[in-house]
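Trainee: Letter by letter, the chains look like this.
Number of protein chains: 2
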Amino acid sequence: MPNLSVGFIGMGIMGRPMAENILDGGYPLTIYNRTISKTKELVSKGAKIANSPAEVASLSEIIITMVSDSPDVVEVISGKDGVVDGIRANSIVIDMSTISPEVERELDRLLHDRKCTLIDAPVSGGDVGAQNATLSIMAGGERESFERVLPLFKMMGNSITYCGSVGCGQLTKLCNQILVAANLIGVVESLVFAKKNHLDPSVMIEAVKGGAAGSWQLSNLGPKMVARDFEPGFMVDLLQKDLRLILEAVSLSETSILTAPLVHKLLRSAQAHGDGQEGTQALVKVLENLSGLK
Amino acid sequence: MPNLSVGFIGMGIMGRPMAENILDGGYPLTIYNRTISKTKELVSKGAKIANSPAEVASLSEIIITMVSDSPDVVEVISGKDGVVDGIRANSIVIDMSTISPEVERELDRLLHDRKCTLIDAPVSGGDVGAQNATLSIMAGGERESFERVLPLFKMMGNSITYCGSVGCGQLTKLCNQILVAANLIGVVESLVFAKKNHLDPSVMIEAVKGGAAGSWQLSNLGPKMVARDFEPGFMVDLLQKDLRLILEAVSLSETSILTAPLVHKLLRSAQAHGDGQEGTQALVKVLENLSGLK
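So the sequences go chain by chain: A and B.
Mapped onto my numbering, the consecutive letters of the first sequence carry residue numbers 1 to 294.
Mapped onto my numbering, the consecutive letters of the second sequence carry residue numbers 1001 to 1294.
Be aware that a few hints might be false.
A short list of chain A residues far from chain B (calculated; beta carbon distances all over 10 Å) [stated by the list, open to error]:
| id | residue |
| --- | --- |
| 1 | Pro17 |
| 2 | Val43 |
| 3 | Ser44 |
| 4 | Lys48 |
| 5 | Ala54 |
| 6 | Pro71 |
| 7 | Val149 |
| 8 | Pro151 |
| 9 | Thr172 |
| 10 | Val192 |
| 11 | Val208 |
| 12 | Val226 |
| 13 | Glu231 |
| 14 | Thr255 |
| 15 | His264 |
Subject to a maximum C-alpha distance of 25 Å in a straight line, what follows is the list of computed DSS-like cross-link-like pairs (lysine-lysine) [unchecked claim]:
| id | chain 1 | residue 1 | chain 2 | residue 2 |
| --- | --- | --- | --- | --- |
| 16 | A | Lys80 | A | Lys38 |
| 17 | B | Lys1080 | B | Lys1045 |
| 18 | B | Lys1040 | A | Lys209 |
| 19 | A | Lys48 | A | Lys38 |
| 20 | A | Lys209 | B | Lys1224 |
| 21 | B | Lys1209 | A | Lys224 |
| 22 | A | Lys209 | B | Lys1209 |
| 23 | A | Lys241 | B | Lys1209 |
| 24 | A | Lys265 | B | Lys1265 |
By construction, these hints were calculated from the structure, which means they are not laboratory data.
Please read these numbers as outputs of a predicted model, since none were measured by experiment.
Every residue gets a Cβ at the ideal spot worked out from N, C-alpha and C, and that includes glycine.
Hey, can you work out the whole structure from these sequences and the hints?
Mentor: Below you can see the structure in the form of structure tokens.
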């Protein structure tokens, strides 16, 4: 029986199944969510419920946060009745949200004042990965803190990488999203080109996906674009948030990046057409529109 | 013992091993190359040598061309002492070069006047694929002609796709290169971003390559960029030729494509710095330069 007490803040589409996997691993678990109804299922399985992030922290040696964006993480950690108001010395906060690397570094400094430390550990793999404990976890922070929480990561993911100091998990996640954005627009452009030139798009995908043109985006989202299946695996609005984080980090680090800003601008058109809640494969509609298709 | 007589024109880095695989398959083979020295090895293994493309055609039921660019294919097929000057009725020309889809359609019309037909069948997989008979072959043309030459394709490749009418092989290859270009710039941008933000680039690649960010370009060229290994798997100059073909086809079909022209422009900088004969991974140097690295 694991003896680390764990707190989990954020019972969204990702957080709830991740917390459930930790509970199933036998860890004593305290949970908190702004909307209390989302906590019921885990409470019925044995999780304790807390009334605030501060209370979660007071009952836990490891506190995991999984919320939407930088301001949300700042609020649950350093806001009113936040984690820092209840945290005990030698505790570790693991933020698994995808947020600004800079904000993670600020929060880590704050936690150090309480003799605590922060691990930033964003994930990829979506809700399916969260449910099946097959997430990729990219972690930054002190190495010994990382080693201490590694057994917990293994409850949630199957590819766990230590990327360096605090913020390096987020920076690695942003590299992931730079690649996702470029590969995504490549898929879209190849399909629009195929359509304008009267190729069978499914045949094209089959012909090229096994070679130098191959990518996860092509194999997984290409067929959905062909089938006009725009159900979200990963939502346009969320990729836009990550692209915004990339643009901020690019600006801070004076990096010349060309495709991520381009994809960000094109996806604004998807959002303007009301497709923000669709999957990122909806980008195909933007380029079809540009090329006079449909 | 196969009874189709085969001709092969073009003994370059791709053509020679492809012709050798056909010879090894037991087909009677006649070969031609402008530079005669490159024919010697196959002649010593039993290939006949011809003095012109016309002579190759007069001795062969299937004539394969594997040369560099559209003008080269036009020259060997319809130029002085070209294939059409020697070809017999009911022969099939297979052009395996990567050239303009429009030019293939014109050549097919010319061959139809001689009661012959054309299959355009560009490949991907590089010299290694040519040697190991593991090329991906994307073929366009009449279906029954395709079926007739399929046993020959199987001597050279392991992924053979019938893509539609004449030109559809080339169009599919261009889709392949649209994807290659987008995935390539994604890899380059993620690595430059990693470097500017003090991540270990090898750790970053390992952390993300198995998920939604994964691609052949990342797994195969990412580590070469990190190791500063710019030996050509596929040369900058050749990708530039393919990107030029994409830009022509994009213009003809009024397609809005954004990343292929961008990569084309950036690779001009690689060429201007004398890196045209390096592998396409040399693109990383262009973006490092833009970001003030090195």
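Trainee: Provide an ascending list of the numbers of those earlier hints which the structure does not satisfy.
Mentor: 9, 10, 11, 14, 17 and 18
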